[in-house]
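**Student:** Read off the chains here:
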Amino acid sequence: MVVLAEKDFKLRYRNSVLGFVWSLLNPLAYMVILTVVFSFLLHSSVPNYAPFVLTALFIWRFFQIATSQSLYSIVGNPSLVTRVYIPRTLIVLSSNLANLLGSSLEVIVLLPLLILLGVHLEVHALFLPAIILMEFVLIFAISLLLASLNLKYRDVSQIWDIVIQLGFFLSPIVYDENSIPTRYQFLYSLNPITRLIEATRGMFFQQELPGARDLSIIFLVIGLLLLVGLAVFQHLQAGFAEEL
Amino acid sequence: MTILEHVAGLVAASEARSYEELWALKSIRFNLERGESLGVIGPNGSGKSTLLKVLARVMKPDKGAIRCKGTIAPILELGIGFHGDLTVKENAKVYGVIMGLPRSQMKRLMGPIIQFAGLEKFEDTKLKHLSSGMQIRLGFSIAIESAADIFLVDEALTVGDMEFREKCLERFRQFKKEGKNIILVSHTLDLIRSFCEMGLYIYNGETRAFGPSEEAIQSYLDDVSKGFPSTVRG
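Same order as they appear, the protein sequences are chains U and Z.
All you need for the working numbering is the position in the first sequence, starting with 1, plus 353.
All you need for the working numbering is the position in the second sequence, starting with 1, plus 107.
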């Protein structure tokens with residue numbers, strides 16, 4: 354599994370002159386672009402808007418890229434399914450792992466940039482790996498659903514595209530959670546991505562660890578999704594070899 | 108299949124007849140002792156490859172059971188997971204792990220694998236620069252290093268040059284002496300005659316003959332010359 358993830362990751366940067374450096378340069382470039390846009394062009398009521406958005410985008414991008422790629426983890430590797438037997442969950446997991454590696458590298462760019470923008474990071478920021486880990490489990494749960502359903506109904510990838518676009522605005526990325534009307538706030542707060550983003554912002558900007566409310570929603574929702582994901586995947590995988 | 112087709116199919120099925128059921132395999136029964144190898148023969152579409160897939164646990168039988176002692180190495184397709192942009196060594200590592208070799212062992216086995224494939228000069232070359240024959244040799248070398256007890260081989264032997272083919276057969280003979288089983292699907296009857304002591308002839312997913320390979324081959328040849336039985340599938 355680790356070997357498969359390693360292969361995915363290596364392949365991404367083969368045949369390019371800068372190779373591995375791109376995995377750092379690319380997030381750096383887009384973060385700088387966004388910082389410029391948000392610091393100088395758009396003015397928001399939120400103080401220190403650029404770090405505010407960058408933090409959320411880090412969480413969001415990991416989710417978006419990893420789930421979108423997982424759609425093809427089974428469909429794109431037919432011989433791994435029809436010619437040998439390896440536990441199929443590992444195929445999905447290795448796709449996710451390659452993205453985890455990419456996202457972890459983004460941290461190397463994100464943290465210095467935040468400091469440069471005047472954010473005072475304290476020990477609380479050390480909780481970030483735990484956030485990433487929780488998000489990883491969330492991604493794995495959703496990937497199991499997507500990868501197995503996409504095999505049976507190829508529409509899933511199109512639908513997921515739309516969900517992702519909608520999700521971008523349904524999560525507090527370019528705005529603050531408090532700007533949501535009060536009557537929707539409870540429903541809104543159940544979104545695990547919202548919780549992860551808010552928890553990370555809390556660590557970075559308010560020097561506070563994720564509260565019991567954040568954590569309980571995260572554990573509950575992610576746990577539930579994981580159970581559903583595993584059940585659906587288990588149910589569908591008997592037919593994988595015939596569908597491919 | 109898209110969701111629309113699925114819905115359309117459901118509606119259509121309720122008015123028109125549903126599609127015909129087809130059992131790719133039905134009443135197949137055989138057993139092998141340690142060290143015996145089995146040749147599977149039969150015309151195209153008779154279920155030979157499906158049988159291997161079921162044995163390899165890639166497909167799950169709707170009914171019936173398979174009991175086997177020992178680990179299975181399916182060589183249904185060589186070089187699964189190979190990628191042209193990775194080097195020979197990197198590819199070998201990926202494929203070895205897919206075939207069930209632990210990573211620690213892959214390091215130790217890398218030398219013998221490259222040597223068996225005869226690719227010492229090219230171990231750091233990107234795979235895409237190798238000829239297709241060489242790639243297959245690499246795939247085969249890794250597959251037979253996987254320390255399995257039962258090897259499932261689907262026509263893979265018929266590729267590669269004469270010399271390499273001999274080398275592989277030699278290795279398989281050695282495996283047989285060690286008590287391993289080889290299940291071989293092939294249309295090369297001579298190969299099965301000389302290599303396998305048992306033969307399984309299947310037609311329309313059913314056993315037509317199972318016994319010493321010579322008998323199974325004879326039964327197949329009889330059917331070819333006299334015409335196949337016109338059994339109705341279903």
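Careful, some of the hints might be misleading.
What the hints assert, rightly or not - Derived DSSO-like pairs (lysine-lysine); straight-line CA-CA distance at most 27 Å: (1) Z:Lys-287 - Z:Lys-274; (2) Z:Lys-133 - Z:Lys-214; (3) U:Lys-505 - Z:Lys-176; (4) Z:Lys-235 - U:Lys-360; (5) Z:Lys-284 - U:Lys-363; (6) Z:Lys-196 - Z:Lys-214; (7) U:Lys-360 - Z:Lys-274; (8) Z:Lys-133 - U:Lys-360; (9) Z:Lys-284 - Z:Lys-274; (10) Z:Lys-167 - Z:Lys-196; (11) Z:Lys-133 - Z:Lys-284; (12) U:Lys-505 - Z:Lys-170; (13) Z:Lys-283 - U:Lys-363; (14) Z:Lys-284 - U:Lys-360; (15) Z:Lys-228 - Z:Lys-283; (16) Z:Lys-228 - U:Lys-360; (17) U:Lys-505 - Z:Lys-196; (18) U:Lys-363 - Z:Lys-235; (19) Z:Lys-214 - Z:Lys-167; (20) Z:Lys-176 - Z:Lys-196; (21) Z:Lys-274 - Z:Lys-196; (22) Z:Lys-333 - U:Lys-363; (23) Z:Lys-170 - U:Lys-363; (24) Z:Lys-283 - Z:Lys-176; (25) Z:Lys-235 - Z:Lys-283.
Claimed, not checked - Using C-beta positions, here's what the derived DEER-type ranges look like: (26) U:His-588 - Z:Ala-254: 28 to 38 Å; (27) Z:Asp-231 - U:Pro-431: 22 to 32 Å; (28) U:His-588 - Z:Lys-133: 55 to 65 Å; (29) U:Arg-566 - Z:Lys-133: 56 to 66 Å; (30) Z:Asp-231 - U:Trp-375: 14 to 24 Å; (31) Z:Ala-254 - U:Val-374: 31 to 41 Å; (32) Z:Arg-164 - U:Leu-378: 14 to 24 Å; (33) Z:Ser-239 - U:Pro-431: 14 to 24 Å; (34) Z:Ser-238 - U:Tyr-425: 38 to 48 Å; (35) U:Pro-431 - Z:Gly-225: 23 to 33 Å; (36) U:Glu-596 - Z:Asp-329: 36 to 46 Å.
Hints were generated in silico from the structure; no laboratory data involved.
This structure is a prediction, so every number in the text was calculated from the model and none was measured.
Where is the CB? At the ideal position from N, CA and C, for every residue including glycine.
**Student:** Does the structure break any of the earlier hints, and which numbers would those be?
**Tutor:** 2, 3, 5, 7, 8, 10, 11, 13, 14, 15, 17, 19, 20, 22, 23, 25, 28, 32, 34
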